[in-house]
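Colleague: Listed here are the chains, written in short residue letters.
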Amino acid sequence: AAGVIQSPRHLIKEKRETATLKCYPIPRHDTVYWYQQGPGQDPQFLISFYEKMQSDKGSIPDRFSAQQFSDYHSELNMSSLELGDSALYFCASSLKWTSSYNEQFFGPGTRLTVL
Amino acid sequence: GEDVEQSLFLSVREGDSSVINCTYTDSSSTYLYWYKQEPGAGLQLLTYIFSNMDMKQDQRLTVLLNKKDKHLSLRIADTQTGDSAIYFCAESYNNNDMRFGAGTRLTVKP
Numbered sequence: 001a002a003g004v005i006q007s008p009r010h011l012i013k014e015k016r017e018t019a020t021l022k023c024y025p026i027p028r029h030d031t032v033y034w035y036q037q038g039p040g041q042d043p044q045f046l047i048s049f050y051e052k053m054q055s056d057k058g059s060i061p062d063r064f065s066a067q068q069f070s071d072y073h074s075e076l077n078m079s080s081l082e083l084g085d086s087a088l089y090f091c092a093s094s095l096k097w098t099s100s101y102n103e104q105f106f107g108p109g110t111r112l113t114v115l
Numbered sequence: 001g002e003d004v005e006q007s008l009f010l011s012v013r014e015g016d017s018s019v020i021n022c023t024y025t026d027s028s029s030t031y032l033y034w035y036k037q038e039p040g041a042g043l044q045l046l047t048y049i050f051s052n053m054d055m056k057q058d059q060r061l062t063v064l065l066n067k068k069d070k071h072l073s074l075r076i077a078d079t080q081t082g083d084s085a086i087y088f089c090a091e092s093y094n095n096n097d098m099r100f101g102a103g104t105r106l107t108v109k110p
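Taken in order, these protein sequences are the chains called A and B.
Take the numbering used here: the final residue in the first sequence is number 115, and no numbers are missing along the way.
Take the numbering used here: the final residue in the second sequence is number 110, and no numbers are missing along the way.
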């Protein structure tokens, strides 16, 4: 079965550079979530989109922005990168409208290293 | 996450039962989850429980929820070496964003 795809899997950037992370949800899923997991930390919710509109906002820095496109894929844009942005970035997708419970399926993550 | 707390480490012998505990603070949480993360891998949903339930069993996994004390536990029966991983407790309200605990690293010794 198709899973959530994230690209790239690994990314190395320097301070003050920009990075774009991509997430391709499971086909027919309408909701995408972004999480940031720092080294040895728990995942922290950043932002989510439902039907291409921002749904919820968590601890996403102002330097980051995200959007969901017409094909439901999502991109997380990160500017003015800082050393502290080094983390594993997870995308999850779900099908929200059909039931009261919607499992979030997680992608494998993009490991971002900022030097 | 400051709203969800777990002990950081647990070590058991193969074949024993493992019990991982979690406490949460948000009484409006409607869903509580257990995720497994193996080294370098993503998050795998193991099981979830709706807040109006107090127990859920799924093969070797048993989840107990004490809503009054806001305490959640995951019991793994007959723990195997392949169960070694970090286990995250998470909560959400109405299936929106989830708040994760810090994770419990389970080590299974042969």
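Calculated directly from the structure, the hints in this document are not laboratory data.
Note that this is a predicted model, so its numbers are computed, not measured.
Hints should not be assumed to be uniformly reliable.
Over the 10 Å line for every Cβ pair with chain B, so calculated as not near, a few chain A residues [as the list claims (entries may be wrong)]:
hint : residue
1    : 16
2    : 30
3    : 63
Rough simulated footprint, nothing fancy, chain A against chain B, three-plus residues with beta-carbon under 8 Å [unchecked claim]:
hint : segment
4    : 39-49
5    : 98-104
Computed beta-carbon distance windows for the label pairs [what the hints assert, rightly or not]:
hint : chain 1 : residue 1 : chain 2 : residue 2 : range
6    : A       : 83        : B       : 16        : 25 to 35 Å
7    : A       : 8         : B       : 57        : 35 to 45 Å
8    : A       : 14        : B       : 16        : 46 to 56 Å
Backbone N, C-alpha and C fix where the C-beta goes; we use that ideal spot for every residue, glycine too.
Colleague: Next step is simple, just say for each hint if it's right about the structure.
Modeller: Verification of the hints:
no., hint, result
1, 16, "holds, 28 Å"
2, 30, "holds, 13 Å"
3, 63, "holds, 20 Å"
4, 39-49, "holds (count 6)"
5, 98-104, "holds (count 6)"
6, A:83 to B:16: 25 to 35 Å, "violated, 41 Å"
7, A:8 to B:57: 35 to 45 Å, "holds, 40 Å"
8, A:14 to B:16: 46 to 56 Å, "holds, 48 Å"
Hint violations for this structure: number 6 only, all remaining hints satisfied.
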